[in-house]
Amino acid sequence: MLINVENLKLSLNGVSILQDVQLHVAPNQIYGLIGPNGAGKSTTIAVVLGLYAADSGKLELFGKATEKTSADVRRRIGVMPEHAGFYDWMSACDYLAWHANLYGGPRRAIPELLAQVGLEQAGRCPIGRFSQGMRQRLALARALAHGPELLILDEPTNGLDPRGRREIHDLFLSLAREQGVGILLCTHLLDDVDRLCSRIGIIHHGCTVLEGPLAELLGRHGAGGVYRLRLDNVPDAGAMPKEMEMEDRGNGWWCVRLPTDTNPADLWQRLLEHGWRIREIRAEGGGLEDLYIRMTHAAVESRQEGTV
Amino acid sequence: MRMFLIIATAMVGSLVQAASLSVRLSPDAENPTMPTMGDNMRFHSVITATAEEPVDGVVAWISLVEIDPGREQPVDLEDWSAHKAVSAARLEPGEELETTWPMRLIQDGDYRVVVSVTARNQDAVFASSTVQFHVTRKPVVESRRIFPVAIGLPVLLLGMLGYRRWHVGHFMRPSAKGFRGHR
Amino acid sequence: MSNPIGLIAAKERRALLENQRGLAWLLAFSATLSAFALLLVSNTELSLLDNAQVVYLMVGTVTAAGAVIAVILGSDAFAGERERGTLVPLLTAPITPAQLLTGKAAGLLAAWGVMYVLALPYLWAVGAGGQNLLQAVVYLALFGTPVVLGFGYMAMTLSAWTGGVMTSLVGSLIALLFSIGPLFLDPSLRDSAVGRALDMVNPFAGAINTYDAVIVDSETFSPQLPRLALVVIWLGLMLLAARHAARKPCFR
Numbered sequence: 001m002l003i004n005v006e007n008l009k010l011s012l013n014g015v016s017i018l019q020d021v022q023l024h025v026a027p028n029q030i031y032g033l034i035g036p037n038g039a040g041k042s043t044t045i046a047v048v049l050g051l052y053a054a055d056s057g058k059l060e061l062f063g064k065a066t067e068k069t070s071a072d073v074r075r076r077i078g079v080m081p082e083h084a085g086f087y088d089w090m091s092a093c094d095y096l097a098w099h100a101n102l103y104g105g106p107r108r109a110i111p112e113l114l115a116q117v118g119l120e121q122a123g124r125c126p127i128g129r130f131s132q133g134m135r136q137r138l139a140l141a142r143a144l145a146h147g148p149e150l151l152i153l154d155e156p157t158n159g160l161d162p163r164g165r166r167e168i169h170d171l172f173l174s175l176a177r178e179q180g181v182g183i184l185l186c187t188h189l190l191d192d193v194d195r196l197c198s199r200i201g202i203i204h205h206g207c208t209v210l211e212g213p214l215a216e217l218l219g220r221h222g223a224g225g226v227y228r229l230r231l232d233n234v235p236d237a238g239a240m241p242k243e244m245e246m247e248d249r250g251n252g253w254w255c256v257r258l259p260t261d262t263n264p265a266d267l268w269q270r271l272l273e274h275g276w277r278i279r280e281i282r283a284e285g286g287g288l289e290d291l292y293i294r295m296t297h298a299a300v301e302s303r304q305e306g307t308v
Numbered sequence: 001m002r003m004f005l006i007i008a009t010a011m012v013g014s015l016v017q018a019a020s021l022s023v024r025l026s027p028d029a030e031n032p033t034m035p036t037m038g039d040n041m042r043f044h045s046v047i048t049a050t051a052e053e054p055v056d057g058v059v060a061w062i063s064l065v066e067i068d069p070g071r072e073q074p075v076d077l078e079d080w081s082a083h084k085a086v087s088a089a090r091l092e093p094g095e096e097l098e099t100t101w102p103m104r105l106i107q108d109g110d111y112r113v114v115v116s117v118t119a120r121n122q123d124a125v126f127a128s129s130t131v132q133f134h135v136t137r138k139p140v141v142e143s144r145r146i147f148p149v150a151i152g153l154p155v156l157l158l159g160m161l162g163y164r165r166w167h168v169g170h171f172m173r174p175s176a177k178g179f180r181g182h183r
Numbered sequence: 001m002s003n004p005i006g007l008i009a010a011k012e013r014r015a016l017l018e019n020q021r022g023l024a025w026l027l028a029f030s031a032t033l034s035a036f037a038l039l040l041v042s043n044t045e046l047s048l049l050d051n052a053q054v055v056y057l058m059v060g061t062v063t064a065a066g067a068v069i070a071v072i073l074g075s076d077a078f079a080g081e082r083e084r085g086t087l088v089p090l091l092t093a094p095i096t097p098a099q100l101l102t103g104k105a106a107g108l109l110a111a112w113g114v115m116y117v118l119a120l121p122y123l124w125a126v127g128a129g130g131q132n133l134l135q136a137v138v139y140l141a142l143f144g145t146p147v148v149l150g151f152g153y154m155a156m157t158l159s160a161w162t163g164g165v166m167t168s169l170v171g172s173l174i175a176l177l178f179s180i181g182p183l184f185l186d187p188s189l190r191d192s193a194v195g196r197a198l199d200m201v202n203p204f205a206g207a208i209n210t211y212d213a214v215i216v217d218s219e220t221f222s223p224q225l226p227r228l229a230l231v232v233i234w235l236g237l238m239l240l241a242a243r244h245a246a247r248k249p250c251f252r
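The listed protein sequences correspond, in order, to chains A, B and C.
Per my numbering, numbering of the first sequence is gapless, rising by one per residue and ending at 308.
Per my numbering, numbering of the second sequence is gapless, rising by one per residue and ending at 183.
Per my numbering, numbering of the third sequence is gapless, rising by one per residue and ending at 252.
What the hints contain is simulated information worked out from the structure, not anything from laboratory work.
Here the structure is a predicted model, which is why all the values come from computation and not from measurement.
We treat Cβ as the ideally placed atom computed from N, Cα and C, and that holds for glycine.
Any given hint might turn out to be false.
Residues from chain C shown here face chain B by an in silico Cβ test under 10 Å; the list is partial [what the hints assert, rightly or not]: (1) N19; (2) Q20; (3) S42.
Could you build the full structure based on these sequences and the hints that come with them?
Next up, the structure:
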């Protein structure tokens with residue numbers, strides 16, 4: 001496990017910020033940490049990075065317990081903070097080289113790194129002339145420069161256009177699947193989490209209200225919801241499971257509504273066994289967004305009832 | 001003979017009138033014995049009305065003369081002293097007017113200082129005896145060293161600043177292309 | 001592997017010398033000394049000062065300017081990084097707080113070094129042909145450096161604690177003014193018991209009084225030892241404060 005956090009507690013200036021946080025990030029995995037503003041996401045990341053010392057709880061990085069995040073551990077972590085700051089008078093090349101040297105040197109040539117994030121034309125330009133999107137790309141390059149095993153990214157797609165977002169998603173997936181990098185992704189954008197993350201943690205008022213594999217959580221908590229299925233064959237009305245409602249949307253697309261206690265994965269499996277030829281499944285409404293809203297609302301109610 | 005006596009009496013009378021004011025000048029006891037540039041000195045004058053009638057509208061002033069060979073000239077007291085003259089509305093017979101004259105020694109050289117006095121109802125100017133003093137030169141800042149440094153260094157830095165501005169402004173606006181390197 | 005202290009110091013040095021803002025500060029410093037030097041030849045009163053007096057004044061001016069620059073750079077050390085968004089990347093890099101602080105201090109020393117070198121031609125211009133010019137150059141380094149560095153550490157302490165450049169700068173400048181202010185008092189007031197007590201704890205006064213003693217009065221080194229101890233102790237205390245603050249700087 002790259003990050004193993006259990007029962008983390010933290011108070012700052014007498015105010016309880018984190019009360020019970022769990023976080024488990026493995027190699028080859030993209031973990032989505034989501035929660036409302038002020039829930040404690042950034043504070044959790046700060047504790048993981050050693051910027052705050054937790055009051056109690058377990059924190060392990062790369063399998064070793066750490067009270068303080070040592071220099072050796074930091075060398076294996078790449079960080080992309082929410083607000084990307086640089087020295088505007090430096091060129092992108094110079095800055096990346098300088099920053100990578102703090103970690104012992106860049107793992108590959110700086111021009112190659114800049115090309116990976118789409119800044120190959122801007123290497124010699126002062127950073128002060130960069131747009132917001134370019135600064136975001138440069139921040140990612142900074143995090144990648146020393147070849148980390150673990151990436152901690154706070155709102156990494158801020159300021160990127162849809163095409164840029166898609167490209168950065170593909171880069172993250174490539175890093176996780178092909179290079180074995182573990183990624184802790186802290187974001188508000190549930191679409192990003194849906195697309196990228198295999199495991200999520202929902203944090204609210206300093207507590208982890210839900211944590212685990214995304215598909216399992218969606219199934220277990222019956223996010224229910226609405227799906228669009230693209231089918232190669234028109235299903236026989238008699239062969240349709242009773243619990244689902246289907247509506248023909250044309251061109252092979254069907255809109256399917258599931259009750260909240262139905263595990264979609266089980267249902268798709270049953271349909272396949274009954275000879276349905278499903279080409280594509282897309283979640284529409286419900287899904288992660290529903291789950292998120294329900295879990296954070298439930299957490300608020302529990303808190304108000306004094307059960308948290 | 002009689003005419004001679006009349007003329008002589010008139011001359012003596014005029015002499016008596018011209019001697020109605022006397023002035024003495026002396027240096028202050030605490031003046032530096034070997035004054036140098038920048039030192040302060042003081043001189044004291046005593047003006048006495050010696051006539052039997054009062055003297056109205058008395059004005060006295062201090063003068064400084066440089067007497068270095070080849071540089072003999074009166075000195076403008078603008079930087080040397082702010083106290084250049086003194087006046088009195090009336091001096092009764094036998095009354096004295098004491099004045100202190102401060103002076104800052106601005107330039108090296110040999111000098112003589114004198115105090116002169118006249119009055120509204122006097123034709124003559126009465127002068128004190130002179131006080132002579134020598135001002136020694138001391139090493140001070142020389143302008144020929146100052147100007148090249150004081151002007152040259154800022155100009156050099158300005159040039160560096162200008163070059164830096166040009167160097168930065170020489171770059172084209174940066175552009176970004178998409179992400180690469182993913183499969 | 002590159003030394004983190006050297007990397008941070010190099011960045012600070014580049015920010016001062018290669019950045020336009022840094023060059024502008026040096027230009028302002030040079031212009032100040034130039035204005036002073038030109039006054040010396042154009043103003044009658046000042047032109048009467050002998051070389052030793054002028055050198056003493058200029059050395060004091062350089063030290064004061066160095067302390068001001070140290071306060072400005074020190075205030076930016078942590079709070080400026082935070083406001084620029086570059087503090088978290090530094091704190092999460094594999095460098096210790098002590099290394100970060102030392103790198104910042106090394107950058108500040110480089111700035112002071114440049115100011116010192118820039119001041120040398122001015123000192124030559126006003127002091128050549130007079131007395132104790134060499135002593136002035138040596139004592140400016142010996143006393144000016146710990147005073148300037150001490151004020152820099154003081155500003156870094158406030159910078160790390162407060163997280164705000166303006167707050168840190170104002171606080172540091174007020175402290176600097178308190179240090180410089182008594183020197184404008186009439187010598188008779190400074191000769192009082194209170195004045196002497198203030199001089200005993202005021203590092204800036206320690207430096208200025210040393211310059212006076214050595215350059216104008218031609219004193220030797222040994223009478224300056226108590227004041228040297230004062231400025232060194234001042235430097236040590238400020239260093240300790242800065243190290244303590246740098247362990248947990250305000251970063252959010």
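The hints, checked one at a time:
Here the hint on N19(C) is kept, as its CB sits about 8 Å from the closest CB of chain B, short of 10 Å. At about 5 Å, the closest approach between the beta carbon of Q20(C) and any beta carbon in chain B falls short of 10 Å, and the interface hint on this residue holds. Annotation: S42(C) was flagged as interfacial toward chain B, and the flag holds, the nearest CB pair being 9 Å apart, inside 10 Å.
Checked against the numbered hints above, the structure breaks none of them.
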